[in-house]
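A.B. asks: Protein chains in written order, with the working numbering: chain A, 1 to 307; chain B, 1 to 542; chain C, 1 to 308.
Worth double-checking, as some hints may not be accurate.
Computed spacing ranges between beta-carbons, pair by pair [as the list claims (entries may be wrong)]: (1) C:75 - B:497: 41 to 47 Å; (2) B:480 - A:169: 46 to 52 Å; (3) C:205 - A:64: 50 to 56 Å; (4) C:271 - B:385: 52 to 58 Å; (5) B:200 - A:37: 54 to 60 Å; (6) A:28 - B:96: 24 to 30 Å; (7) A:169 - B:114: 53 to 59 Å; (8) A:7 - C:251: 44 to 50 Å; (9) C:208 - B:417: 54 to 60 Å; (10) A:88 - C:139: 50 to 56 Å; (11) C:139 - A:69: 25 to 31 Å.
Honestly, the hints are just simulated from the structure, not real lab data.
Don't be surprised by glycine CBs; every beta carbon is placed ideally from N, CA and C.
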Amino acid sequence: MTSYILRRFMIAIPTILILIIFSFMLMYAAPGSPFVGERPLSPEVLENIEAKYGLDRPFYEQMFNYIRGIVVDFDFGPSFIYKDRTVNDIIAQGFPVTLTYGFLAFIISVSTGTLLGVAAAVRQNTWLDYLAVGVSIGAQVLPNFVMAPILVLVFTLWLGWLPGGGWQGGQLPYLVMPVIALSTSFMASIARITRSSMLEVLNADFILTARAKGLPLRRVIFRHALKPAMLPVISYLSPTFVGMITGSVVIDMYFSTGGIGQYFVNAAINRDYSLIMGVTILTGTLTVLFNLLADVAYALIDPRIRY
Amino acid sequence: MKQKTVVTLVMSIFVLANQGIVHAATSHPVTGESLSDNQTFTYRLLDEVPTLDPQLNQDSEGFNVLRDLFEGLFNQDSEGNLAPGVAESYIASNLNRTWTFDLRKNAKWSNGDPITADDFVYAWRRAVDPATASPYAWYVELSSVVNAAAIIAGEKPPSELGVKALDDHTLEVRLEQSLPYFPEMTTYATFFPAHQPTIEAHGTAWTRPGNMVSNGAYILTNHVPNEYHSRQRNPMYWNNQATIIEKVTGRVINDENQALTRYLADELDQTGIPAGQYPNLEDQYPDEATSAPLLCTYYFAVNHTDSADPALLNVKVRKALSWSLDRDVLVDSVLKGGQYPAYNFTHRATAGFEPPVIEYGTMTQAERDAEAKRLMAEAGYGADAPLNLKLIYNTSESHKQIVTVASQMWKQKLGVETELVNYEWKTYLDIRKNQQFDLARAGWCGDYNEASTFLDLMTSTSGANDGRYFNSKVDELMRESKTLADPKPNYNQVEMMIADDMAIIPIYHYTSVFMLKSDIKGWPYNNVQQNWYSKDLYRSAP
Amino acid sequence: MYLPIRIRIKTADAPGSVTGRSLWQDASTRFFRNRAAVISLLALLSVGIFAIAGPWLADWSDDAIDWNVLGNVKSVGMPSFETGHYFGTDELGRDLFVRTAKGARVSLMVGVIGALIAVVVGTLYGTVAGYFGGKTDSIMMRIVDVMMSIPYMFVLILLLVVFGRSIILLFIGIGLVSWLDMARIIRGQTLSIKNLEFVENAVVTGVPPASIILRHIIPNLLGIAIVYATLLVPNMIIYESFISFLGLGVQEPDTSLGALISSGASQMQYGTLWQLGFPLFFFIVTLSGFFFLGDGLRDALDPKDSGR
Chain A
1 MTSYILRRFM IAIPTILILI IFSFMLMYAA PGSPFVGERP LSPEVLENIE AKYGLDRPFY
61 EQMFNYIRGI VVDFDFGPSF IYKDRTVNDI IAQGFPVTLT YGFLAFIISV STGTLLGVAA
121 AVRQNTWLDY LAVGVSIGAQ VLPNFVMAPI LVLVFTLWLG WLPGGGWQGG QLPYLVMPVI
181 ALSTSFMASI ARITRSSMLE VLNADFILTA RAKGLPLRRV IFRHALKPAM LPVISYLSPT
241 FVGMITGSVV IDMYFSTGGI GQYFVNAAIN RDYSLIMGVT ILTGTLTVLF NLLADVAYAL
301 IDPRIRY
Chain B
1 MKQKTVVTLV MSIFVLANQG IVHAATSHPV TGESLSDNQT FTYRLLDEVP TLDPQLNQDS
61 EGFNVLRDLF EGLFNQDSEG NLAPGVAESY IASNLNRTWT FDLRKNAKWS NGDPITADDF
121 VYAWRRAVDP ATASPYAWYV ELSSVVNAAA IIAGEKPPSE LGVKALDDHT LEVRLEQSLP
181 YFPEMTTYAT FFPAHQPTIE AHGTAWTRPG NMVSNGAYIL TNHVPNEYHS RQRNPMYWNN
241 QATIIEKVTG RVINDENQAL TRYLADELDQ TGIPAGQYPN LEDQYPDEAT SAPLLCTYYF
301 AVNHTDSADP ALLNVKVRKA LSWSLDRDVL VDSVLKGGQY PAYNFTHRAT AGFEPPVIEY
361 GTMTQAERDA EAKRLMAEAG YGADAPLNLK LIYNTSESHK QIVTVASQMW KQKLGVETEL
421 VNYEWKTYLD IRKNQQFDLA RAGWCGDYNE ASTFLDLMTS TSGANDGRYF NSKVDELMRE
481 SKTLADPKPN YNQVEMMIAD DMAIIPIYHY TSVFMLKSDI KGWPYNNVQQ NWYSKDLYRS
541 AP
Chain C
1 MYLPIRIRIK TADAPGSVTG RSLWQDASTR FFRNRAAVIS LLALLSVGIF AIAGPWLADW
61 SDDAIDWNVL GNVKSVGMPS FETGHYFGTD ELGRDLFVRT AKGARVSLMV GVIGALIAVV
121 VGTLYGTVAG YFGGKTDSIM MRIVDVMMSI PYMFVLILLL VVFGRSIILL FIGIGLVSWL
181 DMARIIRGQT LSIKNLEFVE NAVVTGVPPA SIILRHIIPN LLGIAIVYAT LLVPNMIIYE
241 SFISFLGLGV QEPDTSLGAL ISSGASQMQY GTLWQLGFPL FFFIVTLSGF FFLGDGLRDA
301 LDPKDSGR
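Using the sequences and the hints given, assemble the complete structure.
C.D. replies: Structure follows, in structure tokens:
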């Protein structure tokens with residue numbers, strides 16, 4: 001196992017490198033530039049700006065300089081749009097924000113989601129099952145761009161209980177609505193995957209045997225069934241976790257949290273090349289890392305799985 | 001010299017004493033209204049400001065912040081006229097080509113350093129220096145400061161810029177051509193002074209709270225990108241005793257409806273009104289909903305090159321398209337924010353501009369429709385020879401509404417089919433710049449309050465003339481206007497030619513439509529650029 | 001103590017047997033006994049019929065503006081039989097009944113095709129990676145890692161710029177992302193299933209890998225694949241409105257449920273709730289329909305799953 005993990009870390013480096021090269025090519029092939037606006041710049045002004053950001057260099061040289069900057073100085077370059085800041089500054093400020101609300105939402109959606117899913121599976125086709133399915137549907141019917149304004153209308157405008165947005169360093173009142181809006185739909189998905197996977201396991205021979213032996217249901221579920229049933233849930237959770245802690249465009253935009261979720265769209269729309277690369281590399285690294293963790297978790301759950 | 005120090009000392013004591021008094025005062029020094037104890041102002045920002053470096057700024061929301069943090073030679077008052085800033089007065093000589101500004105001696109940076117003419121020289125050179133790479137370097141070039149263009153092109157060193165400190169408090173600016181409105185140009189951020197030691201000490205991080213040394217009525221105290229920033233009264237500001245608002249906060253809220261909800265929940269004192277909601281809000285909150293002229297024009301660019309549908313090369317078709325657009329419906333039923341139907345390009349509220357009488361602007365819509373149908377038939381298009389046009393726009397709810405309604409008007413009145421195509425912003429600009437359209441939604445905002453800021457766009461050398469309308473007469477008239485004492489006749493002639501050629505299809509002149517809490521006073525409603533200064537605002541007592 | 005996982009053996013068509021046919025028959029019998037599943041199937045069919053037939057029943061076309069309503073939507077644009085606007089009008093006075101029907105048509109296609117791509121591509125990709133393991137697995141899954149992280153907006157923008165606008169591109173744009181998570185889930189399941197005795201037996205007896213995958217592995221993970229695919233349907237419908245925002249998806253006057261919900265939501269505080277309500281209703285019916293349908297299919301395909 002240790003050698004497997006080591007090997008995966010070795011593969012991670014070329015994986016990220018390919019990600020960087022691929023993203024770089026995509027970005028430069030796309031039309032538009034960070035410096036073009038309604039008012040076109042004169043060629044002289046544009047030349048000065050491109051020289052400042054190294055965009056006048058050949059493509060491979062830009063890419064090489066970029067990668068060297070990361071490897072040598074851990075420097076992801078200056079943002080092309082937010083001119084007073086570097087990409088390191090922006091991520092250092094925004095990532096803790098999405099990490100906080102994303103992690104909380106993750107905990108909530110995983111705990112409620114699995115609980116609902118297990119309950120629904122154990123009591124299949126009873127009122128509990130329908131209730132659980134109903135709750136998951138209820139949690140998913142409102143896309144978060146509908147949910148967010150409703151939350152603000154209710155809790156800020158009508159009830160006056162919560163601030164309508166902002167972050168203020170992550171104080172509790174500012175956390176509530178982003179966490180709710182982010183966790184609901186994931187909770188629904190987790191509940192449904194858990195239910196279906198749990199049903200498969202509960203019908204497996206070893207569980208039927210255990211139950212035939214007269215072991216109490218609760219013990220069968222928690223000691224024997226839950227672990228194997230979590231396998232597909234874990235597959236789903238690793239990219240989901242990365243998605244949640246890197247935030248959501250909708251959450252960041254509707255709740256003014258200042259998180260990095262919005263840059264996945266905004267930086268692309270503004271063609272802020274270095275910022276796009278920054279968030280892409282961050283997601284890429286986290287994806288590689290957590291997919292590795294998931295693979296390790298597989299082997300722990302099911303010792304027959306060997307790589 | 002000694003005496004001067006004493007005067008300054010006495011003055012600063014006076015200022016400090018006064019400040020105490022103002023703080024405790026409950027009535028406005030001019031109007032006598034009683035003031036609220038809560039002198040804060042919170043407003044909504046659509047997006048994070050890209051930079052707080054005055055020389056790099058090109059953003060209108062960024063300019064709103066910078067006007068509070070910095071002060072140039074002159075400010076604008078509530079009517080948009082010149083008001084003294086760091087300069088107390090100026091003398092124009094050499095046929096408006098040499099300008100000498102007298103700087104006030106009591107102006108200070110927020111760290112206490114005096115402001116000298118050299119701070120301006122440093123800043124202006126910085127603005128054109130290729131190493132700074134300011135996207136607004138062209139603004140200095142536009143102002144015709146001597147050698148600006150050559151410095152930007154890298155042909156001369158920044159020290160050759162035509163700006164000089166005659167002494168600590170006298171600034172001399174030399175222009176390449178006569179420019180009667182040069183002092184007005186100095187109200188923009190590019191011409192604000194900069195504090196050299198701060199910039200050299202901190203590099204690009206000099207604009208962070210704590211690092212920044214500024215000279216405006218406010219100083220930056222907090223800044224969390226994409227969340228909020230706040231600015232606090234600057235005790236070093238030369239006119240600090242007149243400042244009433246203690247603290248200004250700008251909150252970034254991307255979604256306009258969300259911002260309105262938070263305004264209604266009293267989290268904001270000012271926010272924009274979403275398109276179409278002005279009448280409802282005015283009903284409910286007559287003291288808060290506001291519509292004031294704003295120096296921008298909305299129009300459809302027409303592609304005059306051969307990449308367009310050949311029908312568009314026929315002026316009759318262009319006219320038919322323009323005349324059949326019922327601008328009153330667009331303005332009154334779609335936008336509903338008091339915008340003005342437009343038949344000419346230059347915004348009607350532009351200083352010194354009187355729109356010429358454009359023939360089709362005076363007709364009724366029924367007359368225009370009849371005429372449009374006739375023109376279309378003359379051009380040979382109709383039911384048996386239908387016209388199909390491609391109208392591009394960038395993704396936005398209100399652009400979508402305008403183009404949808406316009407396309408239906410054309411379809412019903414002229415039988416013209418319009419393919420509506422939206423693109424995200426940068427792709428859209430790219431497509432428009434390369435004339436891959438028949439018609440394109442466009443908007444233009446004045447950089448300064450003078451008609452040439454609009455009409456220059458119609459010249460063949462303008463980079464924003466995306467429809468590639470070329471008319472040597474227009475070029476000639478605009479070139480000539482720069483040197484005329486009264487350029488108005490030229491401007492009007494150009495407007496007439498635009499209408500005759502239907503070079504573009506003007507749709508409406510903008511208004512700024514927003515909610516402002518009724519106890520916030522001093523808003524410059526009549527400043528057509530909506531350049532507001534927090535130092536002029538105050539909150540009256542309930 | 002560890003108990004070996006022995007997921008029930010389901011074989012669609014075991015070699016040399018003729019039980020395959022009856023398995024599908026059993027499944028359909030079980031499916032039609034599940035009341036929730038049948039009701040949701042009917043509900044989905046009605047949404048489909050509405051989407052296809054709606055435009056013929058409407059008094060208005062989807063791009064026509066009712067000039068009497070434009071500008072006064074709040075007071076005269078509400079749902080009414082008199083005006084022929086059964087669902088009211090949108091902000092521009094266009095009939096919402098016909099627009100919802102046309103939007104549902106696009107969204108159903110998007111949801112179903114997106115989910116189908118996810119099931120087909122994701123399942124095949126995941127089982128191949130999981131079954132062969134080793135270097136194959138490593139390379140295939142690292143490709144997924146990269147694809148999960150690349151800035152998709154540029155892929156979509158490039159698709160638009162290079163190929164122009166078309167509905168097929170919309171499906172390509174959706175298909176590109178929808179299968180990734182599915183592939184990871186399926187591959188995880190495959191890793192576990194391939195160690196089970198019946199698979200090992202098949203390997204020993206020389207059954208070729210392709211038929212092991214198709215006959216032994218896929219039937220045992222079809223349940224989870226179907227349930228996950230039904231989860232993707234609402235996501236794809238919403239994702240479509242984002243793609244359209246970039247200019248790649250449907251264009252005015254065409255529309256989709258996602259686009260209608262999004263513009264209805266932006267108007268919800270201004271007294272025109274029907275603009276959100278009707279499209280959202282059809283979205284919810286579609287979404288819950290697919291949920292119960294997915295559960296019903298899963299239960300039906302699980303032979304031991306009867307009356308516990």
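A.B. asks: Holds or violated: 46 to 52 Å for the Cβ distance of residue 480 of chain B and residue 169 of chain A?
C.D. replies: About 59 Å separates the Cβ atoms of residue 480 of chain B and residue 169 of chain A, which means 46 to 52 Å is violated.
A.B. asks: Evaluate the given range 50 to 56 Å for the C-beta pair formed by residue 205 of chain C and residue 64 of chain A.
C.D. replies: Since the Cβ atoms of residue 205 of chain C and residue 64 of chain A sit about 54 Å apart, the hinted range of 50 to 56 Å holds.
A.B. asks: The hint says 41 to 47 Å between residue 75 of chain C and residue 497 of chain B; measuring C-beta to C-beta, is that right?
C.D. replies: holds, 44 Å
A.B. asks: Between the beta carbons of residue 169 of chain A and residue 114 of chain B, is the distance compatible with 53 to 59 Å?
C.D. replies: violated, 37 Å
A.B. asks: Do residue 208 of chain C and residue 417 of chain B keep their Cβ atoms within the hinted range of 54 to 60 Å?
C.D. replies: Distance hint for residue 208 of chain C, residue 417 of chain B holds at roughly 57 Å.
A.B. asks: Are residue 28 of chain A and residue 96 of chain B spaced within 24 to 30 Å by their CB atoms?
C.D. replies: violated, 46 Å
A.B. asks: Taking the CB of residue 271 of chain C and the CB of residue 385 of chain B, does the distance hold inside 52 to 58 Å?
C.D. replies: Violated, at about 45 Å.
A.B. asks: Given the range 54 to 60 Å, decide if the beta-carbon distance of residue 200 of chain B to residue 37 of chain A lies inside it.
C.D. replies: violated, 29 Å
A.B. asks: Take a look at whether the Cβ-Cβ distance between residue 88 of chain A and residue 139 of chain C falls inside 50 to 56 Å.
C.D. replies: violated, 32 Å
A.B. asks: Starting from the hint 25 to 31 Å, judge whether the C-beta atoms of residue 139 of chain C and residue 69 of chain A obey it.
C.D. replies: Holds, at about 28 Å.
A.B. asks: Within 44 to 50 Å: is that where the Cβ-Cβ distance between residue 7 of chain A and residue 251 of chain C falls?
C.D. replies: Taking Cβ atoms as reference, residue 7 of chain A and residue 251 of chain C lie about 48 Å apart, which means the hint holds.
When the structure is compared with the earlier hints, violations turn up for hints 2, 4, 5, 6, 7, 10 and for no others.
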